[in-house]
Structures are given as C-alpha cells and as structure tokens.
Amino acid sequence: MCLAIPMEIKSIEDNVATVEVGGVRNQVRLDIIDEPAQVGDFVIVHAGFALRRIDREEGLETLKLFQEGLGLELVK
Amino acid sequence: MNLLNKFKDPKLCLNILAQIRAEINGEFRFMEVCGTHTMAIFQSGIRTLLPEQIVHLSGPGCPVCVTHDREIAAYLALSEKDLVIATFGDLIKVPGPGGRNLKMAQAEGARIKVVYSAFDALQIALENPDDKVVFLGVGFETTAPTVAAVIRMAREQGVGNFSVLSFHKLVPPALKALATDQQITVNGLLLPGHVSTIIGLEPYLFLAQEYKMPSVIGGFEPLDILQAILIMIRQKNQGQVEVVNNYKRVVSDKGNARAMEIMYDVFVTCDALWRGLGVIPDSGLAVRKQYQDFDASVVHDQKLPQVEEIPGCKCGEVLKGLISPDRCPLYGTRCTPARPVGPCMVSTEGSCAAYYKYRL
Ligand code: SF4
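Protein sequences appear in the order of chains A and B.
So that you can map any letter, position 75 of the first sequence is 75 in this note's numbering, and since no number is skipped, the others follow by simple counting.
Positions in the second sequence are counted from 1; adding 1000 to them yields this note's numbering.
These are calculated hints, taken from the structure and not from any lab test.
Built from N, CA and C at the ideal position, the CB exists for glycine as well.
Incorrect hints may have been included.
[Claimed, not checked] Partner residues are not named here, just some residues of chain A that face chain B (Cβ under 8 angstroms, in silico):
| id | residue |
| --- | --- |
| 1 | M1 |
| 2 | S11 |
| 3 | I12 |
| 4 | D14 |
| 5 | V21 |
| 6 | V24 |
| 7 | R29 |
| 8 | D31 |
| 9 | I32 |
| 10 | P36 |
| 11 | A37 |
| 12 | V39 |
| 13 | G40 |
| 14 | F49 |
| 15 | R52 |
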C-alpha cells in the first residue's frame, strides 16, 4: 500500500502537477512536497500526492523498475 | 550513465551474492517491514538465490494486513449508517468479524466508493453536498500526510460533510515492539523505503543504539536488497551496528519536514491496535481536537466495537515472523487469495498472498 511511483512533471498549475509515467497521465498534488518542483522533475507519487522530488536520472532508473514490475496497477 | 542498469545488473548482483556467501556466518534471519519489499523479494527471485542460512521474514509492513478486526468492524458499522464511505481499494476485501467485509456490505446496498486518494474523497463530498462522506484512513507515514493535507483543505474550504476515521499507524513504534519481543529472533531489519522518504533516518536510530539491531533503509531493485542484506550481515559479524540509509537516491536522511509538519498539525499520536501484535503504545494517529469537525469518530460517534477473533487465522504469528504462512492450518485450503480468511491473504503485498502466488 505504500507503493510509490516515480512520475515526470509535465506541467504545473497552482498546487497541482500533471505527471506522466509510461504514457499514462495523471494529476498529483504538491501540498506535501518539501522542495519546489518544476516541469521536467521526477517526483515520487503516492495516493495522489507527490512525496519527494528526485533527480531525473535516478527517476528514470526507478521508473524502469516499476514499468517492468509491480507499479502500474495503481496508476489511473 | 544510467544507474538503473547497475541496480539490475546480474553480474553486480552475483558479485554481492558471492560476498554474502563468503561472509555469512551461521543462520541470518532478516525481516522486511514493507509490502513493496515483500513483492520485490518474491518477484525478483532473490529468495531462491540466497544461501540457505538466510531466512527472509515478512513483518508487519502491509497497512492492510495489520488493520485489526475491531477496526474493520468499525468501518463496517459506519457503512450501516446513512453515509458515503470512501476507501482505498485494498481495504474492501479485508475480512472483519464473521468473515464479513466492506465488499459484502456494498453488495447489500452500502454506499462504498473506492478512491485512489483522500483528495478524491473530498471531491465526492464537494460534489454531493447532501451526502455525508467518510474517508477510511489507513496507512503508514507514507499515506498519513496526504490524508492530513486533505483534512486541512476541507477545513480551509469550510466543507461540512467530510470526515476521516483515522486508523493510521506508525512504523517505528511497531519496530520497537518487535525488537522487545523475546519470542522473535531477527538478526537484521530491512527498513521501508517510502515510509523513510517521509520520516528520514532519525526515528530508527534507537534500533541500533538500544537494541543492537542492524537496520538498513533499502530500495526495491534486486541490487538494493542484496546490498542491504550484505550490510546487515557485515554489521552482525563485526559487531558494529548502525542504521544505514542505503536508498539515498530517494530518501534524504532528514526525511520530508513539510510532510511531517502537516501530519502532526492534524494528527496526534495515540495507542493503536495492530492485528496480531495487539496494542502498541503511541503507534497510531488520531485526529487532533482542533480538527474534530473532520474526525468521523466524533462526528459519527464511531467507537471500536468488541469482536470475536477470526478462528484459526495465524496472521499474528506470520506478521511476527514466528511461522511461515504455509504453517497456518488454513493456508491454501480454507484460505486462498480468491477466498481469504485473514488479511495477510487479501492484499497482494501480504505475506500469505505472496507466498501463495509464488508457491514456495
Ligand atoms: S493463511 Fe490465511 S488464515 Fe492463515 S495466517 Fe495467512 S491469512 Fe491468516
């Protein structure tokens, strides 16, 4: 249940970011993230919220794990 | 350039495995306390590669599996009132007293909606001002700040028909309970990556300082997990125990201060009931008085009902790593993922379900 997925920020409006993973787009809230996030950043997403910003390279890395494995079922 | 390949690289993994083999000295029992680790360890086949002396135990790391019968009974009782219940999907199949679950209640007419986020539950309340919406708050530190943020939004917007029944739980107090339990023999703890994203390193330090327990925050790639095991074994062998953050690319040692602040603005720690573990002091999160207009236990006067335990289910012993799932008499016969008796068989992250799926 604590599954969290790295997703790329495509756009930001107020406190909501449009994020993408494997071609699937979703909206996540930025209310609890600790550093300001920007378009192009990867964020760890859980239950509709971005938890933390991660480096792009490291985002891609974790992303691949989830594409091949368990992660996508939780993404709408 | 791409670090990913390194974390999956079979050669690197075999290299670490060889070091594990060379350095292991007698039986080594490690426990993970994160459902995502449970899945990753089974899925990657790591279990079959590890030397026989290494025993993998899945502890109380799945919030659904540790939700107590009495908590499920409270959720079921709410579903009988004239309310709209919004919940994470994981929860609706978890059996409560008499095997009854929220899915059955839904089939009988209760208005139960599966949502992906507490925020979606708030939207339901805003779109249906004549309905009273209750969100069932379960989850560890990963999830609790998201629910807290939504309660704050509800207050800012003056929403009058939204509340949360909070049975959120905290990981470090449960680890403390495990560390003090004389029955349990664990030589190392693989600490949960995403919970750590929020809480950071500090709340775990007591594990090394007070209990001399090798403890490593680890990621979810095969190499992450193998490295963590190697670090634990080295610590045990060298008698130099400390808490290590081996998942730095995602977890900062300091955690996420903003999320923690929001979580503790809305919630206050309270004693909590864990399935199989009983009451653990200060291991739960209750809604603070200042936010009581959004606390379903107050607004809808919902207490924890007394219940009879599910007969025969050994989830408690499984969660403590005292027995493997196949030693439960109901495992695979009366209890299967299609017809689960206990919560460990319901969630895909539960020990019994993972065990069953990979037929070990
Ligand atoms: S096999 Fe089923 S009944 Fe037995 S411990 Fe696991 S969940 Fe409980």
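Evaluated hints:
The restraint placing M1 of chain A at the interface with chain B holds, with a minimum CB-CB distance near 5 angstroms, inside the 8 angstroms limit. A cut of 8 angstroms between beta carbons decides the hint on S11 of chain A: the least distance to chain B is about 18 angstroms, and the hint is violated. Hint status for I12 of chain A relative to chain B: violated, with the closest Cβ pair at about 16 angstroms, above 8 angstroms. Look at D14 of chain A: its Cβ only gets to about 12 angstroms from chain B, farther than 8 angstroms, so that hint breaks.
With a least beta-carbon distance of about 14 angstroms to chain B, the hint placing V21 of chain A at the interface is violated under the 8 angstroms criterion. At its closest, the beta carbon of V24 of chain A sits 13 angstroms from a beta carbon of chain B; the interface hint therefore is violated under the 8 angstroms criterion. For the restraint placing R29 of chain A at the interface with chain B, the shortest Cβ-Cβ distance is roughly 6 angstroms, inside the 8 angstroms limit, so the hint holds. A distance limit of 8 angstroms between C-beta atoms decides the matter here; for D31 of chain A the minimum to chain B is near 4 angstroms, and the interface restraint holds.
Contact between I32 of chain A and chain B, as hinted, is supported at the beta carbon level, the nearest pair being about 4 angstroms apart and thus within 8 angstroms. Proximity of P36 of chain A to chain B is violated relative to the hint, the smallest CB-CB distance being about 11 angstroms (cut-off 8 angstroms). The restraint placing A37 of chain A at the interface with chain B is violated, with a minimum CB-CB distance near 12 angstroms, outside the 8 angstroms limit. Residue-level restraint check for V39 of chain A is violated (minimum Cβ-Cβ distance to chain B is 20 angstroms; threshold 8 angstroms).
Given hint, G40 of chain A at the interface with chain B, is violated; its Cβ is 17 angstroms from that chain's nearest Cβ, farther than 8 angstroms. Contact between F49 of chain A and chain B, as hinted, is supported at the beta carbon level, the nearest pair being about 4 angstroms apart and thus within 8 angstroms. With a cut of 8 angstroms, the hint placing R52 of chain A at the interface with chain B holds, because the nearest CB-to-CB distance is about 5 angstroms.
Hint check: violations occur at hints 2, 3, 4, 5, 6, 10, 11, 12, 13; the rest are consistent with the structure.
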